[in-house]
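Chains as they are written, first to last, in the numbering used here: chain A, 778 to 1240; chain B, 4 to 128.
One should not assume that every hint holds.
Simulated coverage check for chain A against chain B, where a stretch passes if three residues somewhere in it have a Cβ under 8 Å from a Cβ of chain B [said to hold, decoys possible]:
#1 863–876
#2 886–900
Quick partial rundown of chain A residues pointing at chain B, CB under 10 Å, derived from the structure [to be verified]:
#3 Lys919
#4 Val984
#5 Glu1001
#6 Asp1015
#7 Gly1018
#8 Arg1104
#9 Gly1107
#10 Leu1109
#11 Glu1112
#12 Ile1219
#13 Gly1221
#14 Ser1223
#15 Arg1224
Don't read these hints as lab results, they were simulated from the structure. Backbone N, C-alpha and C fix where the C-beta goes; we use that ideal spot for every residue, glycine too.
Okay, here's what each chain looks like letter by letter:
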Amino acid sequence: MAMANILIIDDDKMLCEMLCREIGYMGHHAVYTFTLDQGVNEVLSEKFDVVFLDVNLPDGNGLDALPRIRESEFSPEVIIITGEGDPDGAELAIKSGVWDYIEKTSSIKQIMLPLQRAIQYREEKFSGTHPVALKREGIIGKSPKITACLDIVAQAASSNASVLITGETGTGKELFARAIHDNSARADRVFAVVDCTVLPKTLFESVLFGHEKGAFTGADKAREGLIGQADGGTLFLDEIGELPLSIQKAFLRVLQEHRFRLVGGKEERKSDFRLLAATNRNLDSMSETAEFRQDLLFRLRSLSVELPPLRKCREDIIELAMYHVARICGRLGVETKGFSPEFFDALASYDWPGNIRELFNTLEGAVSLAGKDPTLYSKHLPTHIRVRMARASVGEHNDIERSLYPSGDLPKLKDFRESLERQYLKDLISLTRRDIKKACRISGLSRSHLYELLKKYTIMTRE
Amino acid sequence: MTVLFFATRKNGDVKRLQREVAAVTCSEKLEAYTTFDSLVQRLRKPICHSVVAVLFITGEEELLKILSISDLLLTVRIILVLQDREKETITKGHRVYPRFLSHADSDFKDVAAVLEKMLETRHSY
Chain A
778 MAMANILIID DDKMLCEMLC REIGYMGHHA VYTFTLDQGV NEVLSEKFDV VFLDVNLPDG
838 NGLDALPRIR ESEFSPEVII ITGEGDPDGA ELAIKSGVWD YIEKTSSIKQ IMLPLQRAIQ
898 YREEKFSGTH PVALKREGII GKSPKITACL DIVAQAASSN ASVLITGETG TGKELFARAI
958 HDNSARADRV FAVVDCTVLP KTLFESVLFG HEKGAFTGAD KAREGLIGQA DGGTLFLDEI
1018 GELPLSIQKA FLRVLQEHRF RLVGGKEERK SDFRLLAATN RNLDSMSETA EFRQDLLFRL
1078 RSLSVELPPL RKCREDIIEL AMYHVARICG RLGVETKGFS PEFFDALASY DWPGNIRELF
1138 NTLEGAVSLA GKDPTLYSKH LPTHIRVRMA RASVGEHNDI ERSLYPSGDL PKLKDFRESL
1198 ERQYLKDLIS LTRRDIKKAC RISGLSRSHL YELLKKYTIM TRE
Chain B
4 MTVLFFATRK NGDVKRLQRE VAAVTCSEKL EAYTTFDSLV QRLRKPICHS VVAVLFITGE
64 EELLKILSIS DLLLTVRIIL VLQDREKETI TKGHRVYPRF LSHADSDFKD VAAVLEKMLE
124 TRHSY
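Here chain A stands alone, though its shape is the one from the complex (with noise of 0.2 Å):
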C-alpha cells in the first residue's frame, strides 16, 4: 500500500498528535492545522488524500468548508470527526458527500476503520480500473457538486450495480445515465429506455417484457420488449416512480433473477442486462404510503446519484450557456454570439426552477431573439427573469446597508466607527484564539494600546 497524506483539521492539540501517531504506525503521513482558514489552504496547496475535519472550529463550522475542500484538483476524501454529533448534521454531512461521520468519543479503532477504507478505495480509484478521461458527452460543469456526481459516474461506470439518479426536472438525469452507460464495459451494446411518464398503464407489461402471439386482442404476433432487447446492455427506466405498482412486482422478480416470461407465455427467457434508474420523486416517502415497493427501491439504489439544481451549482451557469449557445448557433448556421457582462448576471441571479432544461429553452429563445444581433444582451432573456435581476441588485444593496446599520437610520460616526472597531477586536481576538503577540502583529497595534482597547470594549482576553 502506497504512503497517503492525510491532514487533521481540528483545533484539539491532543486529539491531533494521537492521530497522527496512530497514522503514522499504519505506514502513512499526517499533518494538522487548528484552524479551517489554514486548514482550506493546506488542501488548495498539497496532495491530501484524506482529510480529518472537525465540525467546531475557532474561525467556523467544517462542514461549510466542504465546497471550497472539493475545489482542490485532488479532491480528498473527508471524514468529519465531531465532539458534538448530530442526526441532522450526519445526514448533511453525508448528502454533501463525504466519507463518513464519526464522533470523537467513538474508539481509536472506529476512527481509524474508515480511513483505512478511505485510502483504499483511493488506491483503487487511481490504479487505473477506471477509465482514465470519463466520456462526459453534455454534462457540463466543474463546480464541486456535479463533479462529486461525476465521481460516482466513474464508480458506477466500472461495475454492474444498479444505479438510482435522483433529482429535480431538468438536471440531466439521463444524461448522466447515458454516461454510465457510455463509460461502461457494455458501451457496445444496447441502452434501451423506459420512459415511464409516456407509457399508459396497459402499454407496460408488454412494453417491458414483450408477448407471445395471442396474448391479449390485437397481439397477432409475437414481439421482443425492452427487457429482452437490453440484453447485454443497460435497461433505462425513466421517471421510475411512475411504474405501477403491478409492475413492480413482476419487474422486482426479473431485478433478481434476470429471468422473465413474455406476457402470455410459459418459457422463462434469460436477460443480462444492467439496471439504471432515474426519479425527480421521493421514493422513501413513496415507499413510506405503499406507493413504491421498499423492496424494489432497495434493488434499485446499489448506487445513487444525487444530482444538484442548478441554483446549487450556480459557478456552471457561464460555461453552461456559452457551450449550450455555440451549440444552439451551429445549429442555426449562424455565427456564435458574444455575450455582455449583464446577460451573465442576470442568468447567475436568477434561480431557474426548471433547471437545465429551462435554460436551454432560454437560451435558444434569447439566439432566436437576438436575431443577427452578434452579442447577446439581458434584453433579448424573458421579462420574468430580467425583473429578478433588477430585484437582486436592489436586495443586495439593502442587505449591506441593514448589516451596516441594523437599525435602519444612519447612524452618528463616532458611534459606527465604535461598532466597528469593538467587531474588528472581536474577529482580532476569535482568530489568533487570544495569542496577544500575534493580534498585535496582524493588528499592527502595541501592546499597550491593543490592551486598552480590549479593555475599553470589555473584550476578554482569557476565558
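Using the hints, position chain B against chain A.
Leaving out everything else, chain B in the frame of chain A:
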C-alpha cells in the same frame, strides 16, 4: 407543442401511422416532412417549444442518416418506428434514444397512446 412527422415513403403503413398521429394531434401543430433534407432544414430552425418527432424509418441507410444528425435531435422527444425487427436494426434504433420504439407491422394504437400521453405531460419549461 410541435409534432414533426417524418416518412420518406407513402405506403399503406405510413398512411395508417399518419392517420393515428393526426387523430391525437388535431389541436396541435403537426408538420410533415417527406425528405431527409427538409427534416434537417426544419431542425435547424429555432425550437422554442417542446418538440416530438415521429420518425418512420424505412431502411438501414435512413436510420444511419438519422443517427448522423443526433446533435440536431438532442432536445427532441422521439417516437421511432422501424421497418423490421432484426436485432441489428433494433440495436441501432436504440442509439437514437427513442422515448418509444415501434414497428411498421404494428397497428400503431401503441404509438397513438404514447403520443397522446406525451402531449398531456409536456414539459412546462
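Any of the earlier hints contradicted here, and which numbers? 1, 2, 3, 7, 11, 12, 13, 14, 15
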